[in-house]
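One letter stands for each residue in the lines below.
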Amino acid sequence: MDLSYSRKHRELQSEVRAFVREKGHLSPKFGGGRKRPNRQELDWQGLLLERGYIARSVPRKYGGFGAEPDILETAIVADELSKAGVSPGLLNQGVLIVAPTMLELGTEAQRERWVAPTLRGETIWCIGNSEPEAGSDMANARTRAVVEGDTFVINGQKIWTSSAHYADMMLLLCRTEPDAPKHKGLSYLLVPMDADGIEVRPLVTMTERAEFNETFLSDVRVPTDQIVMGRGDGWKVAIASLKHERVMLGDPNKQLQRFHAIRKLMQGVTIDDRPAIEMPEFRDRLVRLQAEVMAAKFHHMRLLTLHDRGEDAGVAGLVQKLYGTVLNHKLSALAVDVLGEGGLAYDPHEISEDDPATTWQIDYMYDIGLIIGGGTSQIQKNIISERGLGMPREPKVQLSEKRA
Amino acid sequence: MEFGLDENQKLIEQSLRGFLSRTVTLDKIRQVVADRGGFDGALWDGVLALGLPGLMVPEEFGGAGLGVFEAALVAEALGHAAAPIPFVATNVVAPLAISLMGTAEQQGAFLPAVAAGEARVALAAGALSGATGTTDLHLVGGRLSGRASGVIDSGGASHVLVLLADGRAVIVAVDDEGVELLPWPSLDRTRPLGTLVLSDAPGELLDANPDVMGAALGLVDTARLMLAADTLGAAQRMIEKSVEYASQRVQFERVIASFQAVKHMCAEMAASLEPCRSLIWYAAHVQDTGSADERRTMACLAKAHLSEVGRDVARTATEVHGGMGFTDLMGLHFWFKRIGYDRQVLGGPERCRQEAVEVQDWLAA
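Protein chains in written order, with numbering that gives the first Met the number 0: chain A, 0 to 403; chain B, 0 to 364.
Because the hints were derived from the structure by calculation, they are not lab data.
All values derive from a computational prediction rather than experimental measurement.
Treat the hints loosely; a few may be bogus.
As the list claims (entries may be wrong) - Capping the alpha-carbon separation at 20 Å, the derived lysine to aspartate or glutamate pairs in DMTMM-like fashion look like this: (1) A:Lys395 to B:Glu252; (2) A:Lys329 to B:Asp292; (3) A:Lys242 to A:Asp307; (4) A:Lys7 to B:Glu1; (5) A:Lys329 to B:Glu307; (6) A:Lys263 to A:Glu111; (7) A:Lys82 to B:Glu293; (8) A:Lys7 to A:Glu111; (9) B:Lys240 to A:Glu385; (10) A:Lys263 to A:Glu79; (11) A:Lys242 to A:Asp353; (12) A:Lys7 to A:Glu79; (13) A:Lys263 to B:Asp360; (14) B:Lys9 to A:Asp224; (15) A:Lys28 to A:Asp353; (16) B:Lys9 to A:Asp307; (17) B:Lys9 to A:Glu310; (18) A:Lys82 to B:Asp292; (19) B:Lys240 to B:Asp327; (20) A:Lys183 to A:Asp224; (21) A:Lys82 to A:Glu10; (22) A:Lys60 to A:Glu132; (23) A:Lys263 to B:Glu357; (24) A:Lys181 to A:Glu132; (25) A:Lys82 to B:Asp360.
As the list claims (entries may be wrong) - With beta-carbon atoms standing in for the labels, derived distance ranges: (26) B:Glu179 to A:Arg392: 53 to 61 Å; (27) B:Gly321 to A:Ala194: 32 to 40 Å; (28) A:Arg9 to B:Gln259: 47 to 55 Å; (29) A:Ile367 to B:Glu179: 52 to 60 Å; (30) B:Glu318 to A:Glu310: 31 to 39 Å.
Yeah, the Cβ is synthetic: ideal placement off N, Cα and C, and Gly gets one too.
With the hints as constraints, model all of the structure from the sequences given.
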């Protein structure tokens, strides 16, 4: 264990603190996502990129800061930003899933073309993975892409495509090799959302908002070089991108930020003229969650160290999505409870800055969506028990047996 | 920056775990628990050969001079083995107390004996840790009278370190006149607790530290962290045993490990316990490097959280074993009870969370 701050780290810490003092007032209220970033969010993103507070180790030619990977630096930045309650930048699928996947598996031309505008928040991505008949069983995707000359012609339907209604591009999972076995017939294509034949229908969720969409593709044409890796390599890309998605959904910085926000909320909200934080029952719940949040934060640092050392994380590397999304829900549940009756105020169409109730209620419900999405908790438990603990797969049941 | 074990720490862990897996078999645990009042001379000689009693003793007094971090790795390994071996009081708190609170003379008198495994010092810390039992102690004219229950590492103890409510510490020798260390039958047979009865007993007063209360509370922090680390190891073992048992037990012509109902119980245990390891590592690291407030906060959070996760794992693992888990035949209950002990001694999770709130000063909004 060596968590010591070298001079470099102490300097970074005071640099971030000075940045927050000087520029903190420019921060947008939320981390972004769920809508196209506005001017303020884009400017803030630009500031963070320029300072290397996001994409710190992404090479400069792809729009990053070009620093040597250093997990303590990343941790210091996240810590200081969350303590100050300012936005850590855009937390959308482009920044968190598409850019790292592209850096890992894309061609040089694709990285140069897509990574920088994605990081800047100018190019917004959606991801077309799930289909009505391919949810947890994602490799069952039926959307087809057939080569005609130098284009793919795509037909099919996607569901749960968050941000499709304002995205510029879609990372699309589809079947290009119908004769190959299930997992070997898939490819990922890069599809512009303004292409002819794409129809996006909003899917209203329990929050009353259309956070997701159904996306229909009819004879959509994209050039054959708009593919990540080769034809039939889709499952490899899926595994890489799902890994980034699990990390995104289990992101401990989000939990840390929420924890600080709830502590402040509990100091501000009064019950019988006393701050909620003075009520032992609420306080006890808060401290319980603090320990869980701390555990998530240090677990993340442990994983980064293992990654740096090239050591296998084993089961430790598989639990973040399950742990993080459930923890997020416990956090928002505490906030909703602290707000009590006043927490029932709900106007998700006009969220104002002095309306914590709506914001927390949206999180409280949306968190369930995140527990289900990105591989449900049950799928995560299968992954943990099978890949992490070495337990056998459930035997297959033939469909005909069910009917008999 | 490295958030993980270094080569030396990995080596300590490996050699200890090797020793424990060879010597602390289920038969051995049963034997020590049944015949020896929870203390076994052969096991003690074994840990002595590994240098555990000297782990925290400074090198000048014949020890290894290692930190709380290394001690936490040892505690985890002992919990994993459900080892009936004194550790938290004898090998961690006692040498720390003498180093931090004793005069040079007292250090010279006690520390070499601790490192050599000759002085085995139990701990009565109830006055400072929120004990529910009796702690009624009076120091008059350098002599100690009264009672303290919940004495940790009583099995085979030669001395008891007694923490007083004002932070001062006194070491009494078990075979001195006026000192009685009575066995107190308690849940975890691998680490018997005792009741200390003192009447005008002679003692060695440790009060050389100007911040005697700070030092004493620091001892409680470290002890709590050790208990949390013990739970980490014990719970880890219960998960391993669950997976192993489920992979052998056949019902409905399948190993039960192939049922999602069982797999998901195991996955839930692993998902809640894995992040605990990092929490323990950080909390242990802070004991060696952090401020008093950080040390207290992290020790309290770690003990409270491991108590809760430990309880869930202990119950779930027992359920995965089905009826066999409930019997004495598999000995799974030794780990179940170990986790119960770790939860309840030196302040339960509610008490620890309350202390975490106080030290973080949240109420002064």
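Hint-by-hint comparison with the structure:
1. A:Lys395 to B:Glu252: At roughly 14 Å apart (the allowed maximum being 20 Å), Glu252 (chain B) and Lys395 (chain A) satisfy the hint.
2. A:Lys329 to B:Asp292: violated, 27 Å
3. A:Lys242 to A:Asp307: With a Cα-Cα distance of about 16 Å, the restraint between Lys242 (chain A) and Asp307 (chain A) holds, given a limit of 20 Å.
4. A:Lys7 to B:Glu1: With a Cα-Cα distance of about 15 Å, the restraint between Lys7 (chain A) and Glu1 (chain B) holds, given a limit of 20 Å.
5. A:Lys329 to B:Glu307: holds, 15 Å
6. A:Lys263 to A:Glu111: Roughly 42 Å between the alpha carbons, so the hint for Lys263 (chain A) and Glu111 (chain A) is violated.
7. A:Lys82 to B:Glu293: holds, 16 Å
8. A:Lys7 to A:Glu111: This hinted pair is violated, its Cα atoms lying about 30 Å apart.
9. B:Lys240 to A:Glu385: holds, 16 Å
10. A:Lys263 to A:Glu79: Between Lys263 (chain A) and Glu79 (chain A) the Cα gap is close to 16 Å, so the pair holds against 20 Å.
11. A:Lys242 to A:Asp353: Given that 20 Å is the threshold and the Cα spacing comes to 36 Å, the pair is violated.
12. A:Lys7 to A:Glu79: Cα-Cα ~15 Å, so holds.
13. A:Lys263 to B:Asp360: Given that 20 Å is the threshold and the Cα spacing comes to 13 Å, the pair holds.
14. B:Lys9 to A:Asp224: Cα-Cα ~49 Å, so violated.
15. A:Lys28 to A:Asp353: Distance ~11 Å between Lys28 (chain A) and Asp353 (chain A) Cα, so the pair holds.
16. B:Lys9 to A:Asp307: holds, 17 Å
17. B:Lys9 to A:Glu310: holds, 14 Å
18. A:Lys82 to B:Asp292: holds, 18 Å
19. B:Lys240 to B:Asp327: holds, 15 Å
20. A:Lys183 to A:Asp224: holds, 19 Å
21. A:Lys82 to A:Glu10: With Cα atoms ~17 Å apart, Lys82 (chain A) and Glu10 (chain A) stay inside 20 Å; holds.
22. A:Lys60 to A:Glu132: violated, 40 Å
23. A:Lys263 to B:Glu357: Holds. Lys263 (chain A) to Glu357 (chain B) sits at ~16 Å (cutoff 20 Å).
24. A:Lys181 to A:Glu132: holds, 14 Å
25. A:Lys82 to B:Asp360: holds, 16 Å
26. B:Glu179 to A:Arg392: 53 to 61 Å: Given a distance of about 60 Å, which is inside 53 to 61 Å, the answer is holds.
27. B:Gly321 to A:Ala194: 32 to 40 Å: violated, 57 Å
28. A:Arg9 to B:Gln259: 47 to 55 Å: holds, 50 Å
29. A:Ile367 to B:Glu179: 52 to 60 Å: holds, 59 Å
30. B:Glu318 to A:Glu310: 31 to 39 Å: The hinted range 31 to 39 Å holds for Glu318 (chain B) and Glu310 (chain A), with Cβ atoms some 33 Å apart.
Of the hints listed earlier, those the structure fails to meet are numbers 2, 6, 8, 11, 14, 22, 27, in rising order.
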